[in-house]
Each structure stands twice: as structure tokens, then as C-alpha cells.
Amino acid sequence: MEIRELAQQLLRGRNADGGWGYYQGKASRLEPTCWSVLALDGHAGPDDLGAALRTWPSKDGLLLERHGAEPNYAFHGLALLVLGACGLEHIEGNVTLSRALQRVKGVAFADSWISRQDNSLQGWSWIAGTFSWVEPTAWCLLATKKWTGNDVHRDRARILEAERLLLDRAMLTGGWNYGNSNMLGQELVAYVPTTAVTLMAMQDRRSEPSVERGLAYLVKHATTERSASALALAALALHAYDLPVDTVRAALMEQLPVSAAMGSQAAIATALFALQTGHAHAFRL
Amino acid sequence: MPSDSERISIGTDLSRRQFLSAISVALAAAACGRQQFDPGLFGPLPDLSSVGLYAAPDYRADFKDVIGRGLTELGVDVRGRRVFLKPNMVEYESGTAINTNPLVVVGAALAFQAAGAASVVIGEGPGHRRDMEYLVTGTGLYEHLRENRLHFIDLNQDDVAYVPLRSQFMGLDRLALPVEMLQSDFIVSMPKLKTHHWAGMTASMKTFFGTVPGAVYGWPKNILHTHGIDNSIVDLNATIRPHFTIVDAVTAMEGDGPIMGRARDVGCVAMGHDLVAVDATCARMIGLDPLQMPYLRDASLFLGNLNERRIEQRGEPLSRFATRFDVIDSMKKLRLHEL
Chain A
3 MEIRELAQQL
13 LRGRNADGGW
23 GYYQGKASRL
33 EPTCWSVLAL
43 DGHAGPDDLG
53 AALRTWPSKD
63 GLLLERHGAE
73 PNYAFHGLAL
83 LVLGACGLEH
93 IEGNVTLSRA
103 LQRVKGVAFA
113 DSWISRQDNS
123 LQGWSWIAGT
133 FSWVEPTAWC
143 LLATKKWTGN
153 DVHRDRARIL
163 EAERLLLDRA
173 MLTGGWNYGN
183 SNMLGQELVA
193 YVPTTAVTLM
203 AMQDRRSEPS
213 VERGLAYLVK
223 HATTERSASA
233 LALAALALHA
243 YDLPVDTVRA
253 ALMEQLPVSA
263 AMGSQAAIAT
273 ALFALQTGHA
283 HAFRL
Chain B
102 MPSDSERISI
112 GTDLSRRQFL
122 SAISVALAAA
132 ACGRQQFDPG
142 LFGPLPDLSS
152 VGLYAAPDYR
162 ADFKDVIGRG
172 LTELGVDVRG
182 RRVFLKPNMV
192 EYESGTAINT
202 NPLVVVGAAL
212 AFQAAGAASV
222 VIGEGPGHRR
232 DMEYLVTGTG
242 LYEHLRENRL
252 HFIDLNQDDV
262 AYVPLRSQFM
272 GLDRLALPVE
282 MLQSDFIVSM
292 PKLKTHHWAG
302 MTASMKTFFG
312 TVPGAVYGWP
322 KNILHTHGID
332 NSIVDLNATI
342 RPHFTIVDAV
352 TAMEGDGPIM
362 GRARDVGCVA
372 MGHDLVAVDA
382 TCARMIGLDP
392 LQMPYLRDAS
402 LFLGNLNERR
412 IEQRGEPLSR
422 FATRFDVIDS
432 MKKLRLHEL
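Here the protein sequences line up with chains A and B, keeping their order. Going by the working numbering, the letters in the first sequence line up with residues 3 to 287, in that order. Going by the working numbering, the letters in the second sequence line up with residues 102 to 440, in that order.
Note that these hints are calculated values from the structure, not bench results. Hints are supplied without guarantee of correctness; some may be wrong.
Incomplete in silico selection of chain B near chain A, CB under 7 Å [claimed, not checked]:
1. ASP232
2. GLU234
3. TYR235
4. THR238
5. ASN249
6. GLN258
7. ASP260
Yeah, the Cβ is synthetic: ideal placement off N, Cα and C, and Gly gets one too.
Let the sequences and hints guide you as you build the complete structure.
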């Protein structure tokens, strides 16, 4: 399958409001719109490619998961990275979005016998009023690190606590899953996509033993989870650490017909982006 | 076991003490101005619920045939209806019994097509993994979908509509649910039978956690845990009102389910219209007391029959498959004492 075909499939799936749904013909959502704008930037296509993202609805400076819904912190973090990479300015102002993200956090809980982890640490949750999990913390941490470097309002304590949370949730054998490394005395398994996103968020902390173990896990398992998202995120993370990605990209090319048939536009766009090099800086610190 | 004189006739197998315990929460809620459910919305429970148990010694069985026989015997009429199948695909690890086997899922799809369904859609929305493509390819389901031209949708990513909850155990007014499922005419639960380290057992009713969209609520779906797993199971089933269930108990899971447990061969496919009756039967099959599971006890008040005398066995007798599953220490209180 050609990269150009993937781009055409994505362009055909764009909604009249300028956004993308998770599936063609479905309502526009923030995550697939972010990945599609990022992947298609620079391709021959509509002049207003990023218009939907620039005007995406928000509440208190936080982007809504979809029109009329509530903010989703993980996708807000992803959107900040995409706005920056594509040189887009949200109507609220990217600085406003960035500062709003630093104000929100997951709720803390008392430690529990069911799991060996520090529940007092507060990173980012998916949505308001819930616990901090690995993926939203990783996306929001990466966005905060990347786009608040020169902001006097940069909350250094938030960054440090989010890093501590990610280190606390690392598997003993390396890598990360959704956010529990163990449960009821059993060690759980790592996932490639969450490991990749977390490594991108922690690329400036490479000397941390948990990061080293996570990177070793990813190098070993980068092609074991066959899906567009897993392979694409693995390639992006390895690229951020200046490691070879040819094998992963080859596996991704092989996977594309399945991904295209499954039809998830977020997955297709992530794959398309990872197979290009134009915005390789999007997730690099 | 309570004596007959201690029983109270409410369509369940509850003793008077158990009944009073079960309604105490409802009364407390009512005292606070909130009823947990309006009986008028649900109507009387059926006098008798049929549960079919069909033998399938392993996954080499012809599941289109096994399930097709069950549909006929249980009087399922899906002619011209849009059928939605909800399998359990929470995680993938090679060689484990975590998910509904793809051969059972596809067998069901083909059986419903043969029974005259207008369309069959398969959908799932895992609570931990959010990479559906990986789960569908890893489990081998993708090849069957392609070969049989079956449509699959990730329920975590479908369009959503807010639906008012028809019972009030979670204390929420509404939940977002996937449109693809809501637009179907005939919703079929297709779980893997497993022990569950929080709910005791996961089967027909618990599997509807997978219909709550992660893109709206996150992964894991915290909202279902913070409002109580048992409460969430009941509210989801009261609201979605699934029409039928097909339980993959060919190889089930015991011990620390739903993910870290051990595979255990049972050789059975359990089916029925009444999900409470089917789950109660599955619990008894693996040596657990359904009355001790809060979600089944609550659901039996208004969603289905739990009392063995109100369950009519079809297919094979329960005794053919009855066994005793290993459970974690905190769940040993659920065991049936007579085994």
C-alpha cells in the first residue's frame, strides 16, 4: 500500500466541519482530528487543513473531546503538540491552552493493598475528577515540557510530580501499560503504545533506570504488537531516542492493508505521520 | 440453605433475611428521595426462563451449528432485525483464555445470518487496551472478519448518545453509549466465562462494561469503578436491555480472573434470553452461589430470574458441566456449600 493512498483515504474521510471522526462518516473528534492534521500537513489538500483544530471548542482553556462534550486532558496535550508542530495558533491562544493544562490534575487516593504504587502522586487523568493514568500523563507531560520552556508560568513542580508518577508505574521488567504495574500481587505486562508515549515524555530523563529499562523493552518488542498505532508510536519513540526505525517502519508498511480495512482514522493518520519525516520534531524535546 | 418457610415469593431464590438485606439499600435510597429502579419500567419477571447448555468439547466444534441449534430451540426470531454482537476482548496474551474465542464469535454471526438477520455487527470497547486493531489481529478475529465480510466497530471510538439510566444504582442520571449498539434491534452479549477478582464472576452482564466509550470516559473506565462495579453492571443491563446471551464456556478462566487467571476446560456454550438466569446458571456450573454476588442479587429483583425453580434447562443437563472453579481467597465466600 502506498503512503499516497493512505493520505487520500484520510482526505476522503474529512468531515464538512473540517474535522475527522474515528471512522469515516462519524462525528469529528479531537484525537483523530489531531493526528490527521499532523499527518496531512504538507500534503496536497485543502488550504484550511488545520482550521478545525485552530477553532476547536474549549472550556476554561481546555479542548473538548468533541463538540458539546467535556475536556479530555490527554487529547488536549496531543493537540498542543500538533498545534506547535504545524505552526497553528488556537483561537484561545496556545499559551492559554498550555497554562490551562498545567492547572488540572488527576485525583489522589490513599494507598491500597491491591496494588504496590504511590496513589498520592498526581499526574494527569483522562477526564476531570478521575485518577491519573499513564497515557494522559505522558501526553500532557510531553506537551508541557515542549511548549512551556520559555513561559514564566511553567510549573516545574507539576513536571517533576508527573515524572515521579511515570517512574512509579513502570514495570519491573521494563515498559508501561495503562497505569498499574501490578495487581493483587501479580506483575502485569507492558504495552508497546503506552511504553512508546511514555518514553517520548521522558526522553530528557534517559539516565533514569526505569527509562533505560523501558527503552530496552521497546527495542525488543517494537514489532510484536501488530497494529498501525503500536508500530507507529514505537517508530516515533525510537526516532526520538535516535535509534534505528527501519525494521519498525517495514512492519508498519506490512500492516497498512489491515489498518486501512479496519478503518480507524486515528490509527491510519498515526501511521501516515510515522512513515513521513517532515515533522519528526513534533514529539522531540 | 434457608427453609421453605423462610423464603419469600418475589421471583427469586432469596430467603426473607436476604430479601430484606437486598431491599435495605433501595429503602435507604428511597428515604433520600431516590428510587433505585421503577418496577413499572420493567414489568413482571417471566414465570420461567429457558437456559440452553450445549456441548462443545473444544474449539474445533462447528459453532454455527451449535449456536444455530440453540437459537432454534430457544425460539430466537431475528428475521429482518439488525443484530449486534458484543464479545469480550479485554486483553490479548497468546495461550490464555481471556477473550471470547473468535470461532465462537464468528459462528454466532453466521448463525444469526442464517436465521435471517438483516445485518450483523460485532463491537467491543476494551477497558485497558485501547488498541483495538492489535486485539482483533492478535486474537485472530481479523482473518475471520475478512473472510466472512463481517463488520467490526471499536465501541471506544464510535459516535455516542447520552442515554438516561433506567435504574439508579450508580447514582448517575445518564451515560454515553455507542450509537452502533443503540441503533441495533437485537443486542447479544457474547462473554467468556471467567472468575473476576472484584465481581466474583464475569459473564453475560459484566461484559457490558465494554460498551462504555473510553474516548469519553478514559481507560480504564474509572466512572464504572468509582460508582461501584456491581452498581454499574446492574445499571448498564437495565439501560441497554440486551436481548440474548451466548457464553463461551468451552474453555473458561478460573483463579485470578478476568486477566491473570488460568484456563479451565468446561466444554459448554450457554445461551438464553434472560441474562440473569444464564449468569446464575453459569455461576452454579462453576461452583459459585449467584445469591452471594451483589449484582446478580440486585438484578434478580427486576431484570431476570435467579431462582433455579424458575429456570428451565434446555440442551444438556447442568450436571454434565458442573465443576468447582478455583477462586482467589477473597472470593471463597461465594462458593456453593453443597459441592
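Practice problem: Answer holds if the nearest beta-carbon of chain A is closer than 7 Å to that of THR238 (chain B); otherwise answer violated. | Solution: holds, 5 Å
Self-check item: Restraint outcome when TYR235 (chain B) is required to lie within 7 Å of chain A by C-beta distance
Solution: holds, 4 Å
Quiz item: Quick one, is the ASN249 (chain B) hint okay against chain A at 7 Å, beta carbons?
Solution: Not OK, violated: ASN249 (chain B) not within 7 Å of chain A, min 13 Å.
Quiz prompt | Hint validity - ASP260 (chain B) Cβ closer than 7 Å to any chain A Cβ | solution = holds, 5 Å
Quiz item: Is the shortest C-beta separation between GLU234 (chain B) and chain A less than 7 Å?
Solution: holds, 4 Å
Quiz item: Are ASP232 (chain B) and chain A close enough, Cβ to Cβ, to be under 7 Å, as the hint says?
Solution: holds, 5 Å
Quiz prompt | Hint validity - GLN258 (chain B) Cβ closer than 7 Å to any chain A Cβ | solution = holds, 4 Å
Violated hints amount to a single one, hint 5; each of the other numbered hints is respected by the structure.
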